[in-house]
Each structure stands twice: as C-alpha cells, then as structure tokens.
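From first to last, the protein sequence lines stand for chains A and B.
First residue of the first sequence? That's 1 in the numbering used here, and the numbers climb one at a time after it.
First residue of the second sequence? That's 1 in the numbering used here, and the numbers climb one at a time after it.
Simulated from the structure, these hints should not be mistaken for laboratory data.
Treat each hint with caution, since some may be false.
Claimed, not checked - Below, a sample of chain B positions facing chain A; criterion: calculated Cβ distance under 10 Å:
| # | residue |
| --- | --- |
| 1 | Phe7 |
| 2 | Glu136 |
| 3 | Ser226 |
| 4 | Glu229 |
| 5 | Ile270 |
To be verified - Here are the simulated distance ranges between beta carbons:
| # | chain 1 | residue 1 | chain 2 | residue 2 | range |
| --- | --- | --- | --- | --- | --- |
| 6 | B | Asp75 | A | Lys36 | 56 to 64 Å |
| 7 | A | Ala83 | B | Asp75 | 30 to 38 Å |
| 8 | B | Thr89 | A | Glu243 | 39 to 47 Å |
| 9 | B | Ser141 | A | Glu324 | 36 to 44 Å |
| 10 | B | Lys45 | A | Glu243 | 39 to 47 Å |
| 11 | B | Ile201 | A | Asp183 | 51 to 59 Å |
| 12 | B | Asp71 | A | Thr91 | 41 to 49 Å |
| 13 | A | Ser263 | B | Arg30 | 34 to 42 Å |
| 14 | B | Ser29 | A | Met410 | 42 to 50 Å |
| 15 | A | Ala347 | B | Arg106 | 37 to 45 Å |
| 16 | B | Arg165 | A | Ala347 | 17 to 25 Å |
| 17 | A | Met410 | B | Lys45 | 29 to 37 Å |
| 18 | A | Ser263 | B | Asp71 | 27 to 35 Å |
Unchecked claim - Examples of chain A residues lying across from chain B (beta carbon under 10 Å, computed):
| # | residue |
| --- | --- |
| 19 | Pro180 |
| 20 | Asp183 |
| 21 | Ala186 |
| 22 | Leu251 |
| 23 | Ile280 |
| 24 | Gln320 |
| 25 | Ser325 |
| 26 | Ile328 |
| 27 | Ser341 |
| 28 | Phe363 |
Just so it is clear, CB atoms sit at the ideal spot from N, CA and C, and this is done for glycine as well.
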Amino acid sequence: MKLAAGKADLDLCPYLDDKAKAVLGATTRPPIKLVKIGVGERSFSIGEEFVLYRHDKTFYHPPGIMFTVSDTQSDDEISAVTARVRDETLTRVGADLKFNGTAIVNTTGTAEAYARAVAAVEKTAGLPGVLISENPQALAAALVLCGSYRPLIGAATPENYKQMCALAKQHGCRLVVREPTLDGLAKLTKDCAAEGVTNVVLDVAPETVGDYLYRSTAIRQLAITREIPDLGFPVYLDATAFEDQDAAIALGIVKYASVIVTSPLSQPSAKAALTLRQNIYTDPQKPIQMNPGLYRVGTPGKDAPVLMTVNFSLTYFTLQGYLESTRIPCFMLIVDTEGLSVLTSVAAGKLNESLVRDAIKKFGVENEVSHRKLIIPGYAAPLSGRIEEATRWKVLVGPRDAAEIGDFLMQEWKP
Amino acid sequence: MIPEPHFGWTGTVGEVILGATHSDGGTRSRSYTIGGGTSLPFMEKEKKSSSPLVAFEICDDPRFWSPIVNDFCGDLIHDPGAWAKTAETAYGADLVRLCLTSTKQRDFSDIVSLEKITETVLSSTTLPLIIEGSNEPKIDSEVFQKCGEIGQGERLLLGTAEAGRYRSIAAAALAYNHAIIAQSPIDINLAKQLNILLKEIGVPRDHIVIDPYTGALGYGFEYSFSAMERIRFSALKGDVDLAMPMICAPSDSLTIKEVREADASTRNAIAVEWEFTTSLAAAVAGAEIVCVRHPDTVKRLKKAFVSLNTRGA
Numbered sequence: 001m002k003l004a005a006g007k008a009d010l011d012l013c014p015y016l017d018d019k020a021k022a023v024l025g026a027t028t029r030p031p032i033k034l035v036k037i038g039v040g041e042r043s044f045s046i047g048e049e050f051v052l053y054r055h056d057k058t059f060y061h062p063p064g065i066m067f068t069v070s071d072t073q074s075d076d077e078i079s080a081v082t083a084r085v086r087d088e089t090l091t092r093v094g095a096d097l098k099f100n101g102t103a104i105v106n107t108t109g110t111a112e113a114y115a116r117a118v119a120a121v122e123k124t125a126g127l128p129g130v131l132i133s134e135n136p137q138a139l140a141a142a143l144v145l146c147g148s149y150r151p152l153i154g155a156a157t158p159e160n161y162k163q164m165c166a167l168a169k170q171h172g173c174r175l176v177v178r179e180p181t182l183d184g185l186a187k188l189t190k191d192c193a194a195e196g197v198t199n200v201v202l203d204v205a206p207e208t209v210g211d212y213l214y215r216s217t218a219i220r221q222l223a224i225t226r227e228i229p230d231l232g233f234p235v236y237l238d239a240t241a242f243e244d245q246d247a248a249i250a251l252g253i254v255k256y257a258s259v260i261v262t263s264p265l266s267q268p269s270a271k272a273a274l275t276l277r278q279n280i281y282t283d284p285q286k287p288i289q290m291n292p293g294l295y296r297v298g299t300p301g302k303d304a305p306v307l308m309t310v311n312f313s314l315t316y317f318t319l320q321g322y323l324e325s326t327r328i329p330c331f332m333l334i335v336d337t338e339g340l341s342v343l344t345s346v347a348a349g350k351l352n353e354s355l356v357r358d359a360i361k362k363f364g365v366e367n368e369v370s371h372r373k374l375i376i377p378g379y380a381a382p383l384s385g386r387i388e389e390a391t392r393w394k395v396l397v398g399p400r401d402a403a404e405i406g407d408f409l410m411q412e413w414k415p
Numbered sequence: 001m002i003p004e005p006h007f008g009w010t011g012t013v014g015e016v017i018l019g020a021t022h023s024d025g026g027t028r029s030r031s032y033t034i035g036g037g038t039s040l041p042f043m044e045k046e047k048k049s050s051s052p053l054v055a056f057e058i059c060d061d062p063r064f065w066s067p068i069v070n071d072f073c074g075d076l077i078h079d080p081g082a083w084a085k086t087a088e089t090a091y092g093a094d095l096v097r098l099c100l101t102s103t104k105q106r107d108f109s110d111i112v113s114l115e116k117i118t119e120t121v122l123s124s125t126t127l128p129l130i131i132e133g134s135n136e137p138k139i140d141s142e143v144f145q146k147c148g149e150i151g152q153g154e155r156l157l158l159g160t161a162e163a164g165r166y167r168s169i170a171a172a173a174l175a176y177n178h179a180i181i182a183q184s185p186i187d188i189n190l191a192k193q194l195n196i197l198l199k200e201i202g203v204p205r206d207h208i209v210i211d212p213y214t215g216a217l218g219y220g221f222e223y224s225f226s227a228m229e230r231i232r233f234s235a236l237k238g239d240v241d242l243a244m245p246m247i248c249a250p251s252d253s254l255t256i257k258e259v260r261e262a263d264a265s266t267r268n269a270i271a272v273e274w275e276f277t278t279s280l281a282a283a284v285a286g287a288e289i290v291c292v293r294h295p296d297t298v299k300r301l302k303k304a305f306v307s308l309n310t311r312g313a
C-alpha cells in the first residue's frame, strides 16, 4: 500500500528481482523523481511534477535560481554574490521571493583555486550549491569542504560518468547529467543508476533556446506519460550559455526547468525573473487570498474615503498600488469573496449586500470614520442600490479600472 | 530510439492575413499570414513555426501614454507619421499599432482628425497596420467606419471587439475586408462565445485574431498565460471556434507599480524587461502577435524569437 501511495521505496524490499523492481518502479514512483538540493532552511526540492500545463493541475516545485561565482574571482567578490543571494528579498503579493543558491564554476581548472572559492562561499552562507567543474580532482577537493550539504555537481557525460558517480555516491551529492540527445540522456541516467546514483538532473546541452524548449517539453511529455521512465528526472538549465540570458531564464521558468544557473542578475532582470516564477507557480486551483479586514493606506483620518473591494490578492495589491500613488490617505475594506475577483464574485452572487453590511460591522468601520459613504468597484455597480439599503451608507460607484482611482477620488470624493 | 513527443493533435490553428501588397490591391511592402500551427508553439516537427510578430504601439495623444516611452521617444510622440516610420526603419517592428488615444478625452467628437492621422500613418510606413479604435462606444460606429474606409484594400487589423460591443467594428471589417481583434476577459469560454457571435453576423474565421486579454507580469499574467495555453490546446484538439491566432497586448506593463515608480536610472531597463518577459512567455503560450511600447523591447524580442525558432543538429 505504501508503495502504491509513493510513500515507500522499492529498494527497501530485498526479495524482489531486478525485473520485478523495474515493472513496479515504473508504476509506483512519481513520473518525475523528487530531488532535494542543499540542507537546512534554504534547501529546496524539485521534480515530482505531473502535468504539461499548469491549468491541468498545478506546478508544484518552482525552479531554484542559482547565481554563478567563479574561482577566478577574489574572496570578496565571491562573498558579495553569496551574501546577495542570502539576503536579497523581493516581497510581492504577501510572499518573500528569493534566489536559491550559488553555482561555483571551476574556470581555472585547478583544484587549489576551486577549493578556495568554495571555502569563500561556505564561509559566507549555508546556501544550496552547484559545483561545476571538468576536473574530478577539483570536485573532490571542493567536496571535502561542502560534500555533506547535498550540493549538485556536474556535469556527468558518457566519458566521465563513472568518476562523477563515484564522487556523488561518496558524498551523497546530486548529479547533473549532460547529453544533447534524449537517447543519450536516457542511457546516461540508466548508467548512473547502475553505479548507484539516482538523484540526477538532466542537462539537455542546448545550443539555442529553441533546442532547450523542444527538448525540455519532450522530456516532460515522455516522463509524465511514463513512456520513458529513464527521463523521469528534473531538468537543469545553464542560462549563462545563451546570448540573451534573461530569455533563457524566462523560458526555463515557463517550460519545465527545475534548476536555473545564471550570472548575478541586474535589478530589473532579477525582479522580472522572480515575478514570473511566482506567477507561473501560483496554484491555479487556489487564488491567493488576503485576510478580510480594514486596511489603511497612509494614515487616514475620520474623513478619509472608504473603498470596498474583494479579497482576491491581485485585486487588493493592484488597487493598493494605485491608492498609494494618489497620496490620499484612505481605508480599504476587504470583504471575503473566497479569493474571487470582483467580476466573478458579482456573477456568482458571492459579493452581495449582506456580506458588505456584515464586514462594515465586523471591522468596526463606523468607529473609524465620521461619514457614511462607501466607494464600491465599478463592476459591482449592479449591487449599489441593495448595498445602500442594507448598510444605510451612501454608495459611490468607483471606476472599473483601478488605474483610474486617482482621478476618481480627485473629482468625486467629498466626505 | 526514443520517439518524438506526440500529443495527439488533430486540429490546426487557422490562418489570418494581415497587410496587403500592391499585387493584392494594397500599398504595404509586405503581408503576413499568421497562424497555421499544428503543434505547440516552437514544437513543429517538419516545418518551422512562424515567428511571432512584434507590433510597436504608437498613439495620437501622448497625454494618455507612458511617460517613460514619451521621454525615450522625444519629439516623435507628437508626430504619429514620423513615429510610425521610425518604428519600421529604426526600431525594427513587424507591425505598427496605432492607438487612437485622443478618443479618451471627454466628449471627444473630432472624427476628422482621426481620419487625418490614419491617413498619415498609412502613408508614412509601409508596414501592415493595426488600428486600435475608439475608446467611447458612442462614436464606435463612425470611427471604425472611417478607419475601415481609409484603409480599404490594406487588410488592416482593427481593434477591439468585445462581447456587447462588436457590431460597429465587425461592420467595418466586413465592408472593407479587414481582420479584427476579438477580446474577452481571460476566459476561454467567453473567447469562444465571442467568436461564435462574430461568426453569426458573418465575420469569417480567417478574419479574427483572439485577444485573451493580457494582465501585466505580476498582475494576473498567469491567468492570461494559461488562457492562451488552453486556447491553443483547444484549437489543436479540433475546436474550430477557437482555432484562430492570438494577439498579446500587455498594455498595463508600463503602468504597474514596479515600472511606474522605478528610479530614473533603471526605469527604461525595467520597462523593457517587463515587456520582454511578458511577450516571450506569451509567445511560448501561443501568442502570434505581441505588442510593445518601448522601442528597445522590439529588437530584443525579435532576436529571441529567431533563437527560439532555431534548433541545432
């Protein structure tokens, strides 16, 4: 039963032969293996995805975005990038968005320089890491320092996979396997499994972003249909390989990348990447909701306007943004439509006069302002009469588009 | 040998022609056939996917335009003809989209000025045109009639039809053989309904471009992204009422807080980044025309689309 539910691993049973394991394994494990990168608070899991389109269910595990540092950089430079990944936070729609770790590149090819660079990273923060090197001696030297922190190491190729697997096995690391063809990748994951390494991620070695899109989509499709179980692993994308790195990052986010390596991003690129990732990995089955309540914009006084709207977070944050830029202090009365937007909650009858009346009472709006005027969203205009009757407040119908709220308040608002 | 991925598609995205050259009775230097996809975007096996087109948006009243773009474009914003020409020759756009923002003024009624601007823009650029008409339902009929008439023979793309507001634009499109944009609020069923309404009044399928409405990145873009994916999926599964190419016009991109409140040193970069990221993701979801307002976004997008359409050995 545990096996069928995916809660136990086949390897726990000593009595199954290889054939039975292969048959059972293919049907019981998730179509894409869950792989955990790093240890501690900032560790993250990737894989265990089930769909090609987010609207079919949801995407579960957002890609980790890793900033590169190189062993040609000074300790201070390396430390600065690492500290940025550790500290930088973009707060949007009530969530704290962060980059995930560092990717340490062995540009020099030597073990001494590499060990120094890895030490500089580890001294600064305990973040998940990717170790990128062509030189097994350099990796071995680095793993002495950070091998027990479940880093991702790469990349294994048909030429070096035995050495790489030995290192991954010895330290319990995760392994990037790189091959440009799907046949080659499937063979390589099988070979690595035979060496005892199954925590792998797939680098499709794309020459263009078109290659990446085609191969990553093919892998997702072949994996979730369980057609090629040997491709049932998360996908890795080195965005630094492309002329327009931001384009590669955006494509990685929308099309199935689980680890994205990039050079440290400018502020505009960083914001766009984190925002896109948040958007795509929002569960389409559950709109993000705000807690219903009375919210303040600025420090509103007794004669400040009261604007009612729904608790769909996007509505809230959009309106709040425009209200802040009007510089008119006011109250936002957020009512519980279970996360539905204005248009849909009006259509579904979820937004109605009793909900508004109860919210005014519950959140003590009458004690906060001396007037009795309520501004409602333009799309809630059909409810204006009924809200007036139920609340005995005068209702002003605001604009449909939040962008026009500033002009509306300038022209229409008098306490 | 691992097989190519197969999705079981049976349908094809319908084709729409934009712009007419001399041989087709127009004056455009080129004409585009958009649509025709038989798989997910950039996933065609035999042929290349058609590269999405980049439309550069200009307006006739810059008071209703992003100050970032106005500052960047300088005096051009007061001369739609020169602006359109620059979009073609310097910015590298595939299409020009003229937004008649002057109709946003209170009690606007100067239809003659709209005729003049449309004529000027048509004669200043040889690119196929999108004309985004009135902002006021009361004057729709006159505006679309005039724009349609002036652009007769040019195969314009006229915008924007919505449920409850599509008759005037459809009449102009039918009378002068233009294509139209059909916009619905991020909902596949409403998109389909509007297409059926348009079909019932005689607008042929190959004259319709779907606009599923694009929320700005961070402000509902995920809904638009999924609506586009679902529309493309339905088209490929054989639903002819959704088998039209799509247009993405994230017109709020430059008014959202992140862009609006950016400091002077990064505002251009963040405006471009926002348009670029949104348009690229939309193209992968199925948009075949993406509209932008910042000149620097155009070339970056075109380069990215070429790379998306290029596969190694």
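Here's how the hints hold up against the structure:
A distance limit of 10 Å between C-beta atoms decides the matter here; for B/Phe7 the minimum to chain A is near 7 Å, and the interface restraint holds. With its C-beta approaching chain A no nearer than about 14 Å, B/Glu136 sits outside the 10 Å limit, and its interface hint is violated. Because the beta carbon of B/Ser226 sits about 4 Å from the nearest beta carbon in chain A, less than 10 Å, this interface hint is met. With a cut of 10 Å, the hint placing B/Glu229 at the interface with chain A holds, because the nearest CB-to-CB distance is about 5 Å.
About 4 Å separates the beta-carbon of B/Ile270 from the nearest beta-carbon of chain A, less than 10 Å, and the hint is met. For the pair B/Asp75 and A/Lys36, the supplied restraint of 56 to 64 Å holds, since their beta-carbon distance comes to about 57 Å. Evaluation of the 30 to 38 Å hint for A/Ala83 and B/Asp75 yields a failure: the beta carbon distance comes to about 45 Å. Between B/Thr89 and A/Glu243 the beta carbon distance is about 24 Å. The supplied range of 39 to 47 Å is therefore violated.
About 39 Å separates the C-beta atoms of B/Ser141 and A/Glu324, a value consistent with the hinted range of 36 to 44 Å. At about 26 Å, the CB distance of B/Lys45 to A/Glu243 disagrees with the hint of 39 to 47 Å. Separated by about 53 Å at the C-beta atoms, B/Ile201 and A/Asp183 satisfy the suggested range of 51 to 59 Å. Taking the beta carbon of each, B/Asp71 and A/Thr91 are about 29 Å apart, not inside 41 to 49 Å as hinted.
Judged by the Cβ atoms, the range 34 to 42 Å given for A/Ser263 and B/Arg30 holds: they are separated by roughly 38 Å. A hinted range of 42 to 50 Å holds for the C-beta pair B/Ser29 and A/Met410, which are about 46 Å apart. Evaluation of the 37 to 45 Å hint for A/Ala347 and B/Arg106 yields a failure: the beta carbon distance comes to about 30 Å. Checked against the hint of 17 to 25 Å, the pair B/Arg165 and A/Ala347 passes, with Cβ atoms roughly 18 Å apart.
A hinted range of 29 to 37 Å is violated for the C-beta pair A/Met410 and B/Lys45, which are about 57 Å apart. In this structure the hint that A/Ser263 and B/Asp71 lie 27 to 35 Å apart at CB holds, the actual value being about 30 Å. Interface restraint check: A/Pro180 against chain B, minimum CB-CB distance 7 Å, threshold 10 Å, status holds. The restraint placing A/Asp183 at the interface with chain B holds, with a minimum CB-CB distance near 5 Å, inside the 10 Å limit.
Taken as an interface hint, A/Ala186 checks out: its beta carbon lies about 6 Å from the nearest beta carbon of chain B, inside 10 Å. With 10 Å as the threshold, the beta carbon of A/Leu251 comes within range of chain B, its nearest partner Cβ sitting at about 7 Å, so the hint holds. A hinted interface residue such as A/Ile280 counts as satisfied when its beta carbon comes closer than 10 Å to some beta carbon of chain B; here the least separation is about 6 Å, so the hint holds. At its closest, the beta carbon of A/Gln320 sits 9 Å from a beta carbon of chain B; the interface hint therefore holds under the 10 Å criterion.
Interface restraint check: A/Ser325 against chain B, minimum CB-CB distance 7 Å, threshold 10 Å, status holds. The beta carbon of A/Ile328 is not positioned within 10 Å of any beta carbon in chain B (closest approach about 16 Å), and the interface hint is therefore violated. With its C-beta approaching chain B no nearer than about 9 Å, A/Ser341 sits inside the 10 Å limit, and its interface hint holds. Of the supplied interface hints, the one on A/Phe363 is violated, with its beta-carbon coming no nearer than about 25 Å to a beta-carbon of chain B, more than 10 Å.
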